[in-house]
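Engineer: Each chain is listed here by its residues.
Protein chains: 2
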Amino acid sequence: MPTRRAFLATAATLGAATVASAASMNSATTPAPLVHHVFFWLKNPGSKADLAQLLAGIRSLAAIETVRGIHVGVPASTEKRDVVDNSYSASEILFFDDTAGQKPYQDHPLHQKFVAECSHLWSKVVVYDAVPA
Amino acid sequence: MPTRRAFLATAATLGAATVASAASMNSATTPAPLVHHVFFWLKNPGSKADLAQLLAGIRSLAAIETVRGIHVGVPASTEKRDVVDNSYSASEILFFDDTAGQKPYQDHPLHQKFVAECSHLWSKVVVYDAVPA
Numbered sequence: 000m001p002t003r004r005a006f007l008a009t010a011a012t013l014g015a016a017t018v019a020s021a022a023s024m025n026s027a028t029t030p031a032p033l034v035h036h037v038f039f040w041l042k043n044p045g046s047k048a049d050l051a052q053l054l055a056g057i058r059s060l061a062a063i064e065t066v067r068g069i070h071v072g073v074p075a076s077t078e079k080r081d082v083v084d085n086s087y088s089a090s091e092i093l094f095f096d097d098t099a100g101q102k103p104y105q106d107h108p109l110h111q112k113f114v115a116e117c118s119h120l121w122s123k124v125v126v127y128d129a130v131p132a
Numbered sequence: 000m001p002t003r004r005a006f007l008a009t010a011a012t013l014g015a016a017t018v019a020s021a022a023s024m025n026s027a028t029t030p031a032p033l034v035h036h037v038f039f040w041l042k043n044p045g046s047k048a049d050l051a052q053l054l055a056g057i058r059s060l061a062a063i064e065t066v067r068g069i070h071v072g073v074p075a076s077t078e079k080r081d082v083v084d085n086s087y088s089a090s091e092i093l094f095f096d097d098t099a100g101q102k103p104y105q106d107h108p109l110h111q112k113f114v115a116e117c118s119h120l121w122s123k124v125v126v127y128d129a130v131p132a
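Chains as they are written, first to last, in numbering that gives the first Met the number 0: chain A, 0 to 132; chain B, 0 to 132.
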């Protein structure tokens with residue numbers, strides 16, 4: 000198990016690498032790695048059990064070596080606007096060092112296990128991969 | 000202008016607050032704030048000038064007080080798969096402390112200026128707001 004100090008060091012590195020602070024954006028763009036956004040729509044959106052299984056599956060992906068950070072989410076209750084899609088059931092953001100980090104992730108046994116065990120739960124999945132502009 | 004030390008402190012805080020390290024996810028979920036994902040499709044996707052104007056506009060949003068972090072992206076050249084949507088022109092992730100932080104952002108003069116100056120550039124925009132699961 001990682002020490003708290005090791006975690007904080009990792010978090011700090013991730014912060015510096017993946018997220019530019021608002022203040023810093025005024026003068027420079029901070030380098031950031033590949034962002035892998037995924038949105039899932041459950042076949043049974045009202046099923047708490049299905050959602051729990053999906054979220055547990057998403058969280059299991061964090062153990063894959065090339066995954067540097069993860070954010071697991073559900074729709075926020077922000078203001079309803081035409082452009083806001085809150086119809087999805089769960090979201091994930093995975094951070095990788097670079098595009099090359101994606102390939103071993105896709106092929107990793109934990110990712111294959113996730114797809115094998117959870118893909119029957121969703122009716123739709125949309126992926127957006129982004130690199131720093 | 001912020002000092003480098005202030006920036007690093009902000010980055011470290013953001014990292015701890017918004018991104019759980021892969022290692023830490025094995026034992027606990029780290030609290031994380033509201034994630035505001037936005038994807039833009041340009042009317043003229045081949046126009047470098049239009050893309051540059053849109054990206055500059057997105058970056059200007061970082062100066063809004065309730066924006067705690069930003070990632071500005073373009074599609075990555077990851078493996079082509081049916082579920083991957085790489086048709087968008089630009090992406091942004093904005094981090095807020097909570098759902099309440101979104102409202103002053105939407106109403107902020109810099110956000111209104113961005114919409115006024117850049118909305119003619121895009122044909123479609125999709126927003127996903129997520130809170131930690």
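Mixed in with the good hints there might be a few duds.
Identical copies go unnamed one by one, so any copy, or any two together, can satisfy a pair.
Think about it this way: if two alpha-carbon atoms lie no more than 27 Å apart in a straight line, the pair counts; the simulated BS3-like pairs of lysine-lysine are [said to hold, decoys possible]:
| id | residue 1 | residue 2 |
| --- | --- | --- |
| 1 | 102 | 47 |
| 2 | 123 | 79 |
| 3 | 42 | 79 |
| 4 | 102 | 79 |
| 5 | 42 | 112 |
| 6 | 79 | 112 |
| 7 | 79 | 47 |
| 8 | 123 | 112 |
| 9 | 47 | 112 |
It should be emphasised that the hints constitute simulated quantities derived from the structure, not laboratory data. Note that the structure is a prediction, hence the values are computed from the model and not measured.
Engineer: Go through the copies and call it for residue 79 and residue 112: within, between, both or neither, with a Cα cutoff of 27 Å.
Structural biologist: For residue 79 and residue 112, only the inter-copy Cα distance (21 Å) is at most 27 Å; the intra-copy one is 36 Å.
Engineer: Between the shortest in-copy and the shortest cross-copy C-alpha distance, which are at most 27 Å for residue 42 and residue 112: within, between, both, or neither?
Structural biologist: Intra 19 Å, inter 40 Å, cutoff 27 Å: intra-copy only.
Engineer: Can you tell me if residue 47 and residue 112 fall within 27 Å by alpha carbon in one copy, between copies, both or neither?
Structural biologist: within (21 Å within a copy, 41 Å between copies)
Engineer: Should residue 42 paired with residue 79 be assigned to within, between, both, or neither, using CA atoms and 27 Å as the limit?
Structural biologist: Both, since 23 Å and 25 Å are each at most 27 Å.
Engineer: Classify it for me, residue 102 with residue 47: is the Cα-Cα distance of at most 27 Å met within a copy, between copies, both or neither?
Structural biologist: Neither way: residue 102 and residue 47 sit 32 Å apart in one copy and 29 Å across, limit 27 Å.
Engineer: How do residue 79 and residue 47 come out at 27 Å by Cα distance, when the copy is not named: within, between, both, or neither?
Structural biologist: Intra 23 Å, inter 32 Å, cutoff 27 Å: intra-copy only.
Engineer: Given identical chains, is residue 102 near residue 79, meaning Cα to Cα at most 27 Å, within a copy, between copies, both, or neither?
Structural biologist: between (37 Å within a copy, 11 Å between copies)
Engineer: How do residue 123 and residue 112 come out at 27 Å by Cα distance, when the copy is not named: within, between, both, or neither?
Structural biologist: For residue 123 and residue 112, the Cα distance is within 27 Å only inside one copy (18 Å; across copies 35 Å).
Engineer: Evaluate residue 123 and residue 79 at a C-alpha cut-off of 27 Å and name the case that applies: within, between, both or neither.
Structural biologist: Answer is both: 22 Å inside a copy and 17 Å across each meet the 27 Å cutoff.
Hint 1 from the earlier list is the only one contradicted by this structure; the remaining hints agree with it.
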